[in-house]
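*Asks:* Sequence:
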Amino acid sequence: MPFIRRSDRSAFVRRLFSGLLLPGILSMSSLPALAGEGAPSGASTASPESEYSSLTLPVSNFGFRGVARDRYGSLYLSSTLKNGLFVLPPSCRSEDCATLIPLTPGLSDPGDVVADPVRGGAYVLLRLGDKVDYLPRGCLAAGCLEVHPLPERPAYPFRAVYDRGRQRLAVLDRLSNKIVLISSGCQGRHCLSFLPLPPKSGTPSGLAYDSRRKDLWVSYRQGTLVRVPPACRRLSCETTYPPGKTDLTLTSPVVSDKDDALYLSAKKGGAIGWVDLAENPPKLRLASLETTSGMISHLVPLPSGGVYLVTGLVSGRPPGESHPHGGFFSRPQGSAGGFDLRLFALPGGTPSALSPGGHNDLWMTVDDQDALFRLSLTCKRKSPVLSKVCVTRIPFEKIETLYHSRYHQEIQVPQEPSPDLSRPSD
0 MPFIRRSDRS AFVRRLFSGL LLPGILSMSS LPALAGEGAP SGASTASPES
50 EYSSLTLPVS NFGFRGVARD RYGSLYLSST LKNGLFVLPP SCRSEDCATL
100 IPLTPGLSDP GDVVADPVRG GAYVLLRLGD KVDYLPRGCL AAGCLEVHPL
150 PERPAYPFRA VYDRGRQRLA VLDRLSNKIV LISSGCQGRH CLSFLPLPPK
200 SGTPSGLAYD SRRKDLWVSY RQGTLVRVPP ACRRLSCETT YPPGKTDLTL
250 TSPVVSDKDD ALYLSAKKGG AIGWVDLAEN PPKLRLASLE TTSGMISHLV
300 PLPSGGVYLV TGLVSGRPPG ESHPHGGFFS RPQGSAGGFD LRLFALPGGT
350 PSALSPGGHN DLWMTVDDQD ALFRLSLTCK RKSPVLSKVC VTRIPFEKIE
400 TLYHSRYHQE IQVPQEPSPD LSRPSD
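Numbering (numbering that gives the first Met the number 0), first residue to last: 0 to 425.
Everything labelled a hint here was simulated from the structure, so no lab data went into it.
The model shown is predicted, which means the values in this text are computed figures rather than measured ones.
Hints may contain errors.
Here are the simulated lysine-lysine pairs, DSS-like style, with alpha carbons at most 27 Å apart [unchecked claim]:
1) Lys213 <-> Lys257
2) Lys199 <-> Lys267
3) Lys199 <-> Lys177
Based on the sequences and whatever the hints tell you, model everything.
*Replies:* See the structure below:
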C-alpha cells in the first residue's frame with residue numbers, strides 16, 4: 000500500500016468533512032474562549048479558541064429503548080449505549096435519583112422492558128446477549144439479576160408479553176422463529192419451554208396476549224396472523240390467517256380487553272387495523288392515517304376502550320412532510336369513533352417505546368432523545384398541539400462534544416471545559 004503523507008491525509012479528511020458531512024448532519028456554533036493554547040508549529044495565527052467548534056450530533060448519549068412501570072410505581076428504562084437498565088423508584092422522577100444497573104455481556108443491546116404485574120420488577124430483553132434478565136423489585140445491583148439464557152443460540156429476543164394467568168413471560172425469538180416461555184420465579188433450563196411457529200409465514204413482527212381466551216397472537220410483516228391456543232405445543236394446533244393483501248406489513252399488535260379486539264399497525268404504519276376476536280374466522284379491518292400524521296410506531300390499549308397510538312417520521316421523506324403525533328383511536332361505529340390525534344412538539348425522532356404508566360398516563364422513549372416522556376391522558380384536547388401539560392419531559396445528562404479543526408478530534412467534556420483541553424495531542 001503506497002505511503003500517504005500526513006498532511007495529505009489531513010487535507011483529504013478536512014475536505015471530506017467540510018464538503019460532504021458537516022453541511023448535512025452537523026450544526027456548528029462557536030464556544031467561549033479557551034485560555035492558554037499555543038499555536039502549533041506551522042499553523043495560522045488565528046486565536047486558539049477559534050479552532051474549536053461545538054457540534055450538535057444527531058445521536059443520543061443513552062439510546063433509550065424500552066420502558067415499563069410495575070404495579071408498585073417503579074420505572075425501568077433500558078439504555079442501549081449505556082448497556083444497562085435505569086431504575087427510578089416510585090418517588091423518583093428525575094435523573095438524579097435514578098440508578099443504572101449494568102448488564103452483561105457488553106454490547107448486549109438491551110431492548111424491550113416488560114413489567115412483572117404479579118411480583119413487581121421487570122424483564123429486559125438482551126437482543127444481542129441471547130438471554131432475558133429479570134430485575135426483582137427493590138433490587139438496585141447487578142448481583143440480584145435473574146438470568147434466563149434462551150435455549151437456542153444465537154437468539155434474538157424481539158418482543159415479549161406477560162401471561163398473568165400462568166405467571167410466565169412469553170418471548171418472541173425472531174431468529175429461531177419460536178416463542179420461548181419463561182416461568183416466573185423459576186431459574187434454570189427446566190423453567191423454559193418453547194412453541195415453534197410456522198416456518199413459511201415470513202418475519203415475525205410482534206406478539207400480543209388475549210387474557211380472555213389465554214391465546215397468543217403473532218403478527219408478521221408479510222400480513223399473516225398466527226393464533227396460538229393456551230395448550231398448544233405443536234404446529235398442528237396453531238391457526239394461521241393468511242393475508243388478503245400482500246402489502247399489509249403488520250406490526251405492534253395489542254389486545255384490548257374492553258373491546259375484545261386485536262389492534263395493530265398496518266401498511267408500514269400508514270394505517271391501523273383491528274380484529275374482532277369474537278368473530279370466527281376473524282376479519283381484519285383498516286383505517287388509514289393522513290400522510291402528514293407520520294407512521295404508527297406503537298399502540299397501547301386503554302381501560303376505557305380503544306387505543307392510544309404514537310407516530311414517527313416517515314422514512315425517506317423530508318421532515319417537513321410528516322410530524323410525530325399522539326392520540327386516540329376507537330373503532331368507528333356509525334358517526335362516532337376514528338382518530339383524535341395531536342402534534343408532538345418534538346425536534347424530531349420516532350417513539351421507540353410506549354408503556355402504561357398508571358391510571359391516566361403513559362411513558363414513552365424517543366429515538367435520539369436523551370429524555371423520558373410522560374403523557375397525560377386527561378389533559379384538554381382542544382389544541383392541535385400536545386402542550387407541556389400533556390407531555391412532561393424528564394431530561395437525562397447532556398455531554399458537549401468539542402471538535403478541533405486541525406486535529407479532527409472529538410472530545411466529550413462536561414459543560415465547563417477543563418484546562419487540559421487547551422493543548423490537544425497530535
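*Asks:* Please flag the earlier hints that this structure goes against, numbers listed from lowest up.
*Replies:* none
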